[in-house]
Amino acid sequence: MDCKITQDKLVEYLEKNVSKEESVLIENHLKTCYNCTKELTETKQFLSSLDSDIMEQPSSRLKNNFEKLLAEEIKGNQTKVIPLESKRNWSSFLRIAAMITVVLSAFLLGKYQSEIGSDNQQKVLALLENTSASKRILAVSNAENFNIKDTKIIDALINRLFFDKNTNVRLAAAEALFKFSSELMVRDALIKSLETDKNTSVQIEVIQILSKIQEKRAVLPMRKMLNNEETPQYVKQQLELNLSNLL
1 MDCKITQDKL
11 VEYLEKNVSK
21 EESVLIENHL
31 KTCYNCTKEL
41 TETKQFLSSL
51 DSDIMEQPSS
61 RLKNNFEKLL
71 AEEIKGNQTK
81 VIPLESKRNW
91 SSFLRIAAMI
101 TVVLSAFLLG
111 KYQSEIGSDN
121 QQKVLALLEN
131 TSASKRILAV
141 SNAENFNIKD
151 TKIIDALINR
161 LFFDKNTNVR
171 LAAAEALFKF
181 SSELMVRDAL
191 IKSLETDKNT
201 SVQIEVIQIL
211 SKIQEKRAVL
221 PMRKMLNNEE
231 TPQYVKQQLE
241 LNLSNLL
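Okay, so the sequence shown: first residue is 1 according to our numbering, each after it adds one.
Note that these hints are calculated values from the structure, not bench results.
Beta-carbon label-pair distances, calculated as ranges:
(1) Thr-167 / Glu-229: 21 to 29 Å
(2) Ala-126 / Tyr-34: 17 to 25 Å
(3) Val-219 / Asp-2: 36 to 44 Å
(4) Asn-130 / Lys-192: 19 to 27 Å
(5) Phe-162 / Ala-126: 17 to 25 Å
(6) Leu-246 / Ile-148: 21 to 29 Å
(7) Val-24 / Leu-226: 40 to 48 Å
Distance condition first, Cα-Cα at most 20 Å in a straight line; then the derived SDA-like pairs of lysine to any residue:
(8) Lys-44 / Ile-5
(9) Lys-4 / Asn-166
(10) Lys-152 / Glu-129
(11) Lys-192 / Asn-242
(12) Lys-44 / Asn-28
(13) Lys-192 / Asp-155
(14) Lys-224 / Asp-197
(15) Lys-224 / Leu-241
(16) Lys-165 / Asp-8
(17) Lys-44 / Val-18
(18) Lys-192 / Leu-226
(19) Lys-212 / Met-185
(20) Lys-31 / Tyr-13
(21) Lys-165 / Ile-5
(22) Lys-212 / Thr-200
(23) Lys-236 / Val-202
(24) Lys-4 / Lys-38
Glycine included, C-beta positions come from ideal geometry on N, C-alpha and C.
When you get a sec, could you build the whole thing from the sequences and use the hints?
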């Protein structure tokens, strides 16, 4: 197994998605190849850096629950006249203070999570431009974890789908874009990819995605491919199968 094949398989190897035979071939190659071993180490480090940044998101209902509890607590302790010498309900005050602390902690946690997300975004964007196909595939896989509204990540994935020379990277980009398919720019990109990408594996992947997301605008380019004599028969079978889901 040569360096190019080994490096293209590193992500799958780390995720244990290769056969036993391939795993043995990769391990044998790594024993004698410094560059591929270095590539493997860097890939592991990147995964580790992302894993160390994972934090539990605070509940989106926390603020609403706090406000409700606070209102009930205040209402329960309201009196028309409060004499200066009256005994204060310290347990109630402590409960309110505790709830304020929880909300403040959640706010700070969310702020820290945002900062971590920005850092991870830069890591992924940088890795998408890496010369190693295996690292670009790794970056594409991690890009799926970002927010739907993260246009920088979406733009980078579309760029990989259109221009990456490696078929596996383009396939991974198409799969990752499926998560963001509610965005019009993603749907437009998938249709354009179907019309321009000549690799049959990418074509089939995009055909299936467009069918799953019920993109009716894909009917016309699919029909053109179906009527094209140069389209392989197995691609036409996928077109016929998925066109029926769109009509």
